[in-house]
Amino acid sequence: MAAVKIRDYSHGVMLIANHLLGGRTVYLSGEQQWLLLGCLQQQQAAIVHSEEAATQLLASINPNDALCPVVEPYVVQLSSNGMPSHSRELLRATGPSIRYGAPATQEANHVSI
Amino acid sequence: MYQYNDINQETVDSRCREFRDQVERRIAGTLSESEFKPLRLMNGLYLQLHAYMLRVAIPYGVLSSSQLSKLADISDKYDRGYGHFTTRQNIQFNWPTLEDMPDLLEELATVQMHAIQTSGNCIRNITGDPLAGVAADEDVDPRPICEWLRQWSTLHPEFRYLPRKFKFAITGSANDRAAIKVHDIGLRLRKGTAGDLLIDLWLGGGQGRTPKIAQLFKRGLKVEELLPYLEATLRVYNMHGRRDNKYKARIKILLSEIGLESLQAQVQEEYEALDKGPFANSVAELKALYSHFALPLIDIVQQSGPTILGNEKLAGHEVQRWYKQNTRDHKLAGFRSVMISLKPAGGIPGDATSAQMRALASIAKQYSRDELRVTHRQNIVMPWVAEKDLLKVWQALVDGDLAESNIDLPSDIIACPGMDYCALATARSIPVAQDISKKLRETELQTDIGKLAINISGCINACAHHHVADIGILGLDRAGVENYQITLGGRSDENARVGERMGPGLSADELPATIERVIKFYIKERHDDESFSLAYDRIGKAGFKPAVYGEVNDDAGVTA
Chain D
1 MAAVKIRDYS
11 HGVMLIANHL
21 LGGRTVYLSG
31 EQQWLLLGCL
41 QQQQAAIVHS
51 EEAATQLLAS
61 INPNDALCPV
71 VEPYVVQLSS
81 NGMPSHSREL
91 LRATGPSIRY
101 GAPATQEANH
111 VSI
Chain G
1 MYQYNDINQE
11 TVDSRCREFR
21 DQVERRIAGT
31 LSESEFKPLR
41 LMNGLYLQLH
51 AYMLRVAIPY
61 GVLSSSQLSK
71 LADISDKYDR
81 GYGHFTTRQN
91 IQFNWPTLED
101 MPDLLEELAT
111 VQMHAIQTSG
121 NCIRNITGDP
131 LAGVAADEDV
141 DPRPICEWLR
151 QWSTLHPEFR
161 YLPRKFKFAI
171 TGSANDRAAI
181 KVHDIGLRLR
191 KGTAGDLLID
201 LWLGGGQGRT
211 PKIAQLFKRG
221 LKVEELLPYL
231 EATLRVYNMH
241 GRRDNKYKAR
251 IKILLSEIGL
261 ESLQAQVQEE
271 YEALDKGPFA
281 NSVAELKALY
291 SHFALPLIDI
301 VQQSGPTILG
311 NEKLAGHEVQ
321 RWYKQNTRDH
331 KLAGFRSVMI
341 SLKPAGGIPG
351 DATSAQMRAL
361 ASIAKQYSRD
371 ELRVTHRQNI
381 VMPWVAEKDL
391 LKVWQALVDG
401 DLAESNIDLP
411 SDIIACPGMD
421 YCALATARSI
431 PVAQDISKKL
441 RETELQTDIG
451 KLAINISGCI
461 NACAHHHVAD
471 IGILGLDRAG
481 VENYQITLGG
491 RSDENARVGE
501 RMGPGLSADE
511 LPATIERVIK
521 FYIKERHDDE
531 SFSLAYDRIG
541 KAGFKPAVYG
551 EVNDDAGVTA
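Protein sequences appear in the order of chains D and G. The letter at position 96 of the first sequence is residue 96 when you use our numbering, and the numbering goes up by one with no holes. The letter at position 309 of the second sequence is residue 309 when you use our numbering, and the numbering goes up by one with no holes.
In isolation and in its complexed conformation, chain G is listed as follows:
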């Protein structure tokens, strides 16, 4: 993984010194709150319902063991012994104090981490495929491009006050695990016929109150064109994006208002006029980054071992279920990627205690080349586990309460912090997720269902991606009472689309039974192993709606 150079480290260290001075001036009373608020937000420090919240960037979701250990230490020293992994591959601490913030950030900097650009109207943390560089189905390892763009976008002087926040996601696989089509810009890296790197740029995706699927904006960019083309795109957005209404300020609205061809023409004109001089060394800089992400030189034969599936002693054992559900094919023979669920039945999606973080760091240090990933589904990946070590890894995960075998199953629920923490939320989402996952566990429905995404957002800002879930739940406030709308049929992959709203909202108490009915209806109606989204395509809103509102009989058939 990437290691900071002296310039990177000094950039972060100097920012720590600057923010320490700003905090001291705020506490001393020489900076007012209105002066200080934008400064703290630039450093990822929010004020939430109960306390300050610090959002720490995890660039494209890649973490070292020492970084995760430091996050565990910080959660014990400055917080309440846990952290919350988010859908943008970041981590949030819910209880730090302003007084502690300078020391906390300095500790983060010692492991090459920071909270810069995790808030504000700037380019946010760049997210990516959590299996980047190890996935068997990958065309191009996106990590060098991710890092290149991280460096380009960090403290970019022209883009620090955009009309609104701006989010990138990047994948190098046809199977999109980074949800690139619901980001302001999504990049799909692929190889051309000559084996050269080509980049398709998808633009104008996003969620929130106006969900949009990105459109293919520029096909087949060459690598030397990428940075100037992005610079031209951001410049046009910076000039013409609306600043009079924050709900209409994202680039998806600009795209809708002026149209694809018009925006493409403006960006092309800007691109052609752009001085390319500053980019003269950028490709050389990119090439230098590749050494940080080279495949390890490993004696593959030594990594192979008795497979878990082929071991008769393990027939029917939980570890075989875990292997099938929580490990993935690897680019290197003899290796698997291990996915660790942060969604135990009744647990808090995305939360990890300091003990769990240390356990993960320790296991990764021993068995995963010191490396972990955070997924946008709020789970963790160990990307470099040898087949021969899988059983030991599983055992260690069991010991750390980290071996839930439910990756991509319905109880692998995405949930934002909701009104239990978030100042923007209009309803709670975590207890809803807990109740639904408990219900699914009780009925053992999961084993019959297969892959199915349930995402729960506590407000229309859609941090939990409810618009693009098979089953999306949106919490709203109806005269002081929590109320939940159901959407069905969304998806966030390469065939991304926004789900359809079913109708009137439901109470929190009604949700577990509602979700159970919808799932039973799907199981009854699906053809063979037809996915939820394909079944929804065939059956439609009118077919599913009676299941949502309980107008079905006991065997989940629709009543007349």
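Okay, chain D solo, but in the shape it has when bound:
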């Protein structure tokens, strides 16, 4: 089990992971459901405010159970706006910061010979 390493619990922590089947990043809700992190709604998340509670939250998931629907769970610190405080986890929540898959615009440059 991954150790809990959180500096500041004042805005709470939540549990995130990857969904086994789809691979997408998910978070644990108060209803013990795994929801897409990209559609995070803070009021739905299971948020705790102490190391003891975070340890319990993490221990509630056993990724080594072959029937566990998620892999690689860990807890992340939240900031005052309810989003992950670290840039890495913030990117996990918001998705790539780039417009992927689209070519940059290029002026047509035809020539008649």
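Careful: at least some of the hints might be erroneous.
As the list claims (entries may be wrong) - Taking lysine-lysine pairs in the DSSO-like style, the calculated list, with each CA pair at most 27 angstroms apart, reads:
1. G/Lys246 x D/Lys5
2. D/Lys5 x G/Lys222
3. G/Lys222 x G/Lys167
Claimed, not checked - Just a sample of chain D residues kept apart from chain G, beta carbon distances all over 12 angstroms, derived:
4. Ser10
5. Ser29
6. Gly30
7. Ala46
8. Ile47
9. Glu51
10. Glu52
11. Leu57
12. Ser80
13. Asn81
14. His86
To be clear, the hints were calculated from the coordinates, so they are not data collected in a lab. Computed from a prediction, not measured in an experiment: that's the story for all the values here. Virtual Cβ for every residue (Gly too), placed ideally from N, Cα, C.
Given chain D, work out where chain G should sit, using these hints.
Chain G alone, transformed into the frame defined by chain D:
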């Protein structure tokens, strides 16, 4: 190019069946994640920040049109309509699901492709000169040797659990376009005085947190000696490479720890003791491969046409700039190699949409003998374009948003996926590359600069080769904030060397102006057409450092 025989095809097909069974057992809950993870990695399936990522092997960077079309289809059907070409001449898909993986791999197998050994501590995809077999400056076409080693290393039972991953790169030219000196083993193929094939083996190169330039380990191997000598080398590494610390497990560390002469002696002893029986037919097998890579029988006269440079109607037109920057001399008269940039200003280095992949496949089918190459600088090559077709090819590339004329120029930036995708990354690299390329485009600096490599890695693993760039940028995490270190003076060619770190890191916002200052300083200080690395040799770190940190006046001179 090489076509699978029945054994190759059955090897890949059986692996697909095996992995389908493993995925089904994982989903059914009869395999745990700890049991399944090494199995998925053996099939190139990683778990990244947002989703699974599949890395597909493109052996020595050679692709057929039908293979690229299939990659386009896969990106539409199983991903999000694009793929990312990497510095190891592979392609990565960033959004596939585990459930789809068996079907995806079966589709790949229909065009003789797979993801085997694109992860794990084994011999990875063998990379090579993207102009192999067509370059005007080539001594030896390395492709048959590349294919020979691909077959030797694929599922080699002794080398499936090495201390760490192991990377080969191969060139047959004095002008190294395969970066062989920053690989675990780099092979330089050349001709002896009698016209026979000789192989120089460079060993112990690599990047990551301990960058090393390879040392000449064995000079002048004969072709019949190559496989047993490699087998002996890998065997010694397998026995003595460290397994207690993954940061000290590469062969470059073993070489550093025991020294060149000691390692050479151990390999030689192993080589002499090795049973050569299993290699009895290997040279005959190699000879059989040559037919796959024979020069085409072409009426050269029919390929020649009005040259783009000599056409007065085109004087000053963009197509002439494209010709000079994006085409290369060819082994055959009447032909050029066309290099297609995947680095439009503000674009994502190495990314191609499915539409672009199909366009490239179609153009190559019509004008490049059905063949393309992937370069380690994350671009594409059409290796067989006749002079008479160049204008049509250029026009087709323009129509596909693929005619950026910046090959080897500063905006031809290498960038890894960085923290936008990669679970190992400590900072983003793609947006940095986009901002710098936009800045270079704005200022039109490129036209004054000439060849200059800017490489951006999102972590110390150095997938983007930042150590060996003229200007290297390394993204790090400083207390949750992205921070970027600058190295200058590296190079990855036949005179490879590791760049020097300038000093404290910078924020992402500071980088475009910083790079602009460094380039302006270089332009001001260089002698005639002196390259960046030669200018750096002469001026040194102390001379360049003020340009990095803004301690220069408006005309890029150093302040007192």
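State the violated hints by number, sorted upward, taking the hints as numbered earlier in the document.
2 and 14
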